[in-house]
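> Each chain, letter by letter, is given below.
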Amino acid sequence: MSPLDKQAQAEKVKAEMLKIYPTKVARKRAKQIIINDVQPGEVVPEIKANTRTIPGIITMRGCSYAGCKGVVLGPTRDIVHITHGPIGCSFYSWLTRRNQTRPKTEADVNYMPYALSTDMQEEQIIFGGEKKLKQAIEEAIAIFNPRAIGIYATCPVGLIGDDVHSVARAMEEKYPHINIFGFSCEGYKGVSQSAGHHIANNKVFTDVVGLTHVKKAGKFVVNLLGEYNIGGDAFEIDRIFEKCGITLQSTFSGNSVYDDFTNAHMADLNLVMCHRSINYMADMMEKKYGIPWYKVNFIGAQSSADSLRKIAAYYEDAELTARVEKVIAEEMPAVLKAQAEIKPRCQGKTAMMFVGGSRAHHYQDLFSEIGMQTLSAGYEFAHRDDYEGRKVLPSIEMDADTRNIEEIVVKPDPEAFAPRITPEKKAELAQQGGLRWNDYEGMMAQMENSSLVIDDLNHHEAEVLIEKYHPDIFCAGVKEKYVVQKYGIPMKQLHSYDYSGPYAGFKGAVNFYREIDRMVNTKIWGMISAPWDKEPQVTGTYGWD
Amino acid sequence: MLLRHTDDKIIERSALTINPAKTCQPIGAMYAALGIHRCLPHSHGSQGCCAYHRSALTRHYKEPVMAGTSSFTEGASVFGGQANLLEAINNIFTIYKPDVIAVHTTCLSETIGDDIAQISSKAQEEGKIPPGKYVIRASTPSYVGSHVTGFGNMVKGMVEGFSAASDTLENQINVIPGYVEPSDMAEIKRILNEMQIKAVVFPDTSEVLNTPQTGKYEMYPKGGTTIPELRSTGRSRRTFALGQIASGPAAKLLDTKCKVPCTLLNLPIGLRNTDIFLESLRQQTGAGVPDSLRLERGQLLDVITDMHQYLYGKKVALVGDPDHLVALTQFLKDLDMDVRHVVTGTPGKKFVTRIQEITGPKVNAFEAKDMFHFHQLIKQERVDLILGNTYAKYIARDEDIPLVRMGFPIYDRIGHQYFPLVGYRGALRLLEKMLSALMDRQDRDAAEESFELVM
Ligand code: SF4
Ligand code: SF4
Numbered sequence: 016m017s018p019l020d021k022q023a024q025a026e027k028v029k030a031e032m033l034k035i036y037p038t039k040v041a042r043k044r045a046k047q048i049i050i051n052d053v054q055p056g057e058v059v060p061e062i063k064a065n066t067r068t069i070p071g072i073i074t075m076r077g078c079s080y081a082g083c084k085g086v087v088l089g090p091t092r093d094i095v096h097i098t099h100g101p102i103g104c105s106f107y108s109w110l111t112r113r114n115q116t117r118p119k120t121e122a123d124v125n126y127m128p129y130a131l132s133t134d135m136q137e138e139q140i141i142f143g144g145e146k147k148l149k150q151a152i153e154e155a156i157a158i159f160n161p162r163a164i165g166i167y168a169t170c171p172v173g174l175i176g177d178d179v180h181s182v183a184r185a186m187e188e189k190y191p192h193i194n195i196f197g198f199s200c201e202g203y204k205g206v207s208q209s210a211g212h213h214i215a216n217n218k219v220f221t222d223v224v225g226l227t228h229v230k231k232a233g234k235f236v237v238n239l240l241g242e243y244n245i246g247g248d249a250f251e252i253d254r255i256f257e258k259c260g261i262t263l264q265s266t267f268s269g270n271s272v273y274d275d276f277t278n279a280h281m282a283d284l285n286l287v288m289c290h291r292s293i294n295y296m297a298d299m300m301e302k303k304y305g306i307p308w309y310k311v312n313f314i315g316a317q318s319s320a321d322s323l324r325k326i327a328a329y330y331e332d333a334e335l336t337a338r339v340e341k342v343i344a345e346e347m348p349a350v351l352k353a354q355a356e357i358k359p360r361c362q363g364k365t366a367m368m369f370v371g372g373s374r375a376h377h378y379q380d381l382f383s384e385i386g387m388q389t390l391s392a393g394y395e396f397a398h399r400d401d402y403e404g405r406k407v408l409p410s411i412e413m414d415a416d417t418r419n420i421e422e423i424v425v426k427p428d429p430e431a432f433a434p435r436i437t438p439e440k441k442a443e444l445a446q447q448g449g450l451r452w453n454d455y456e457g458m459m460a461q462m463e464n465s466s467l468v469i470d471d472l473n474h475h476e477a478e479v480l481i482e483k484y485h486p487d488i489f490c491a492g493v494k495e496k497y498v499v500q501k502y503g504i505p506m507k508q509l510h511s512y513d514y515s516g517p518y519a520g521f522k523g524a525v526n527f528y529r530e531i532d533r534m535v536n537t538k539i540w541g542m543i544s545a546p547w548d549k550e551p552q553v554t555g556t557y558g559w560d
Numbered sequence: 061m062l063l064r065h066t067d068d069k070i071i072e073r074s075a076l077t078i079n080p081a082k083t084c085q086p087i088g089a090m091y092a093a094l095g096i097h098r099c100l101p102h103s104h105g106s107q108g109c110c111a112y113h114r115s116a117l118t119r120h121y122k123e124p125v126m127a128g129t130s131s132f133t134e135g136a137s138v139f140g141g142q143a144n145l146l147e148a149i150n151n152i153f154t155i156y157k158p159d160v161i162a163v164h165t166t167c168l169s170e171t172i173g174d175d176i177a178q179i180s181s182k183a184q185e186e187g188k189i190p191p192g193k194y195v196i197r198a199s200t201p202s203y204v205g206s207h208v209t210g211f212g213n214m215v216k217g218m219v220e221g222f223s224a225a226s227d228t229l230e231n232q233i234n235v236i237p238g239y240v241e242p243s244d245m246a247e248i249k250r251i252l253n254e255m256q257i258k259a260v261v262f263p264d265t266s267e268v269l270n271t272p273q274t275g276k277y278e279m280y281p282k283g284g285t286t287i288p289e290l291r292s293t294g295r296s297r298r299t300f301a302l303g304q305i306a307s308g309p310a311a312k313l314l315d316t317k318c319k320v321p322c323t324l325l326n327l328p329i330g331l332r333n334t335d336i337f338l339e340s341l342r343q344q345t346g347a348g349v350p351d352s353l354r355l356e357r358g359q360l361l362d363v364i365t366d367m368h369q370y371l372y373g374k375k376v377a378l379v380g381d382p383d384h385l386v387a388l389t390q391f392l393k394d395l396d397m398d399v400r401h402v403v404t405g406t407p408g409k410k411f412v413t414r415i416q417e418i419t420g421p422k423v424n425a426f427e428a429k430d431m432f433h434f435h436q437l438i439k440q441e442r443v444d445l446i447l448g449n450t451y452a453k454y455i456a457r458d459e460d461i462p463l464v465r466m467g468f469p470i471y472d473r474i475g476h477q478y479f480p481l482v483g484y485r486g487a488l489r490l491l492e493k494m495l496s497a498l499m500d501r502q503d504r505d506a507a508e509e510s511f512e513l514v515m
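In order, the protein sequences belong to chains A and B.
Sequential numbering from 16 applies to the first sequence in the working numbering.
Sequential numbering from 61 applies to the second sequence in the working numbering.
Hints listed in this document are in silico derivations from the structure and should not be mistaken for laboratory results.
Treat each hint with caution, since some may be false.
Said to hold, decoys possible - Dumping the calculated DMTMM-like pairs for lysine to aspartate or glutamate here, alpha-carbon to alpha-carbon at most 20 Å: (1) A:46 - A:454; (2) A:440 - A:463; (3) B:276 - A:478; (4) A:39 - B:230; (5) B:453 - A:121; (6) B:122 - A:138; (7) B:157 - A:154; (8) B:69 - A:454; (9) B:317 - B:186; (10) A:483 - B:278; (11) B:409 - A:416; (12) B:276 - A:482; (13) A:146 - B:227; (14) B:439 - A:121; (15) B:157 - A:345.
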């Protein structure tokens, strides 16, 4: 299709989406459905993001509790997570996110298969639930005797005036050997899971990071932020790092333990995977401890290789550089072999992806490695910077929903602040090594012109996309999965990976190619119409006539 | 061990629930509402609840589950959700065009005290509800009851919203099937059909949550009880309510509101409760039990007598919803199995008595308890078989006990969408599942010399 046709088609599709909306909805959505147009210097059109979902719209989004307890804290296996609220919130976040965890021994602590809740009853709604929460903490201590307890507030909690923080403080006084902290992550905070990420970042930063000071052995000690070990992604990244001789001081928070967080400030460098959910932590750690950060991406074999080279570039260590190159050289043949086999079958096919706050961007790399083109993409709960790049941060307007989420003012720690790198060196590495400090270029700069970028895609718009573009594969979450498949189009879940994976790193890339090959090339979709659907009914003749 | 921190010492807990054996009201309400033809369930609260409920139902059915949300933000939580709901109603009728919006509340809107009745009449006044379209409602605070209560409340909301009393009766009955699967609802309809009884079965999620792959997505699939059918429930001769908690409230309201008398029965799971269901249909309607159903009953009985030795005395632990557990316990008891532990998370004082009436007093039966407690009971007294939802597989794996999946949610297997547990056929299916589980175990554990070819 010529660029002009492509543009015209995008405009038509956008108009089609907006057509049935009431005026107010149409006006708002028009700013969230953007036809991409990349100008030199990564200049892209403005997109409205991180704003309220309009009531009645069938959205993909969840709540702040899901972002806090579910996403950021959930993967840590030795923190006891107590949900303070009625039963549902805890029930639905019980093991449903597929964060894999691997305790080192059979005797090691693992609370992940447990869902703990105060199961609030009417009595607590009327008279307050703090007493029950305290008692619940007592009981959790009696049964699990954990080192740390997180308390997560759900919607009614804020409303009835329960203060999870004061309960946490009181209980910590009683049990000084246990770190007890609360999260005001009521589901109505903010406009999506995103608020919960921020709330989680804040509390872990103020109450957990920096409590102990053990640096892991190794010459190159880094933190990986925003990798949650869905389907074992973090295991694959661990494997690669180990091969390269890079030590992971901590991962936030896939396969993590509490101690990883308390010691995280000892690392040399912060690598940010999922910018949306964890950039606050990276920023705060830089301000308080002087740890620099930049963005990496281990989704896609080429992106993984590039990210490893970025780490080597930071350390400027000949040995590390050589080792990284050796690892890439060792890993790539299997990747290239799989590409050579699979690419001819997938070349030219099209994909769409609408997920989360980073995957809709990262997975475009993987698709392009097998010759597949992303027609349209968008995030569920990202902000403008995730689309347009962090350069737009100063111009993002503060609205009431965002203002309600605490922004912590961080100052250098009088003792622990130790800049790992001088500003001059930073500038030099930016020049020579291409390291983009504190930056994320965003999704749009990488996407083709005239492709549709859609924030907070809803059910109606998804239908229009599918009907107008007929993509060969569509990626989103579980709620969208079977809608898409009813259209006869394969759908890949990019939250849960459809219970497979890993897809990160080199081995993960091969897994992903094979999975997509399976999905877009299966003949089963061709069997939807039955033989009798194709021919008009024959009447009155029998085989034996 | 996955549940390595669970030991057999039971510490009394009064505040902490660990691994719940229930979930919250709205999901039951959402599920029930999907059983109305061309209905969009709507969750009045923050959008997280709705996302969670839709996800859970989707994982369980592997089908699209559509629902709207009022998307409360902090402002709505402080000032009330009226503006959100009005806007939602307008948007939903304009964009998604259902015939009915079934609004249920969440903990948040209940705590705020939003008055849905008042808000929907305001929507009516403001012309936000197009002619011929409806908004019905149910109050479903999750700090009361469980998902089963929520189901019951939404079915009651259907009666409230649709059932109209009349002096001229229809030659039909109502059947409220209880919180059962689409396959079960279809099976109940088939049984009624076999008996040539005209009935309104509501709600009815068959062909809504087990739709075919046609290459064409239908937001409102073929299935579901229609509005005229729901309206006519007030003119039916009798209501058969299956399952006390899930179906009781609606049946009672039909009685008080429309003077339709009701027969409250256990879920027709297992031989005896299916017998009771058919017998009371026969008694009340005068319909006969056709040969087709006699055949199914006979086949079920035949398998039970043939395979009795593999069931006799086997110890079983059950976890799930009260209406199911009561009927199941009866079935297992009739199979001469030894029901040891029965746990539900749903509160209800009568539950324990009802189980004990079936099993005698020596059973560990608990209401308002959790799966942690259930696991501890199993640790204290081992069983041969566990019946429970997907979460029970963590216990089954740790304890190396066979599991038959039953109840909600089943996230990790298919079948419940398509094959019923109710009726004689359902009982046969359950029997087959239990026998396979027990006999596979016998095969796995048998010494080489006693590995049986014929069983
Ligand atoms: S707040 Fe209430 S309705 Fe919402 S998920 Fe939690 S328990 Fe369920
Ligand atoms: S929106 Fe509120 S009540 Fe609903 S799941 Fe989230 S925290 Fe729970």
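> Each of the hints needs a verdict: does it hold here or not?
Outcome of the hint check:
Between residue 46 of chain A and residue 454 of chain A, the direct Cα distance comes to roughly 24 Å. Violation of the 20 Å bound is thereby established for this hinted pair. With a C-alpha separation of about 34 Å, the suggested pair residue 440 of chain A and residue 463 of chain A falls outside the 20 Å cut-off, and the hint is violated. Taking the CA atoms of residue 276 of chain B and residue 478 of chain A, the gap is near 11 Å; set against the 20 Å cutoff, the hint holds. Taking the CA atoms of residue 39 of chain A and residue 230 of chain B, the gap is about 46 Å. The hint is violated against a cut of 20 Å.
A C-alpha spacing of about 19 Å is found between residue 453 of chain B and residue 121 of chain A, which places the hinted pair at or below 20 Å, so the restraint holds. Taking the CA atoms of residue 122 of chain B and residue 138 of chain A, the gap is about 37 Å. The hint is violated against a cut of 20 Å. Distance restraint check for residue 157 of chain B and residue 154 of chain A: the Cα-Cα separation of roughly 49 Å exceeds the 20 Å cut-off, and the hinted pair is therefore not satisfied. Proximity of residue 69 of chain B to residue 454 of chain A is assessed by CA-CA distance (about 53 Å); at most 20 Å being required, the pair is judged violated.
Between the alpha carbons of residue 317 of chain B and residue 186 of chain B the distance comes to roughly 28 Å, so the proposed pair goes past 20 Å and is violated. The suggested pairing of residue 483 of chain A with residue 278 of chain B holds, with an alpha-carbon distance near 17 Å, which does not exceed 20 Å. Distance restraint check for residue 409 of chain B and residue 416 of chain A: the Cα-Cα separation of roughly 44 Å exceeds the 20 Å cut-off, and the hinted pair is therefore not satisfied. For the given pair, residue 276 of chain B sits about 10 Å from residue 482 of chain A by alpha-carbon distance, which is consistent with the 20 Å threshold.
Restraint check for residue 146 of chain A and residue 227 of chain B: the C-alpha separation of about 54 Å exceeds 20 Å, so the hint is violated. Proximity of residue 439 of chain B to residue 121 of chain A is assessed by CA-CA distance (about 19 Å); at most 20 Å being required, the pair is judged to hold. A distance of roughly 57 Å separates the Cα atoms of residue 157 of chain B and residue 345 of chain A; the hinted pair therefore is violated under the 20 Å criterion.
Against the hints set out earlier in the document, violations occur for numbers 1, 2, 4, 6, 7, 8, 9, 11, 13, 15.
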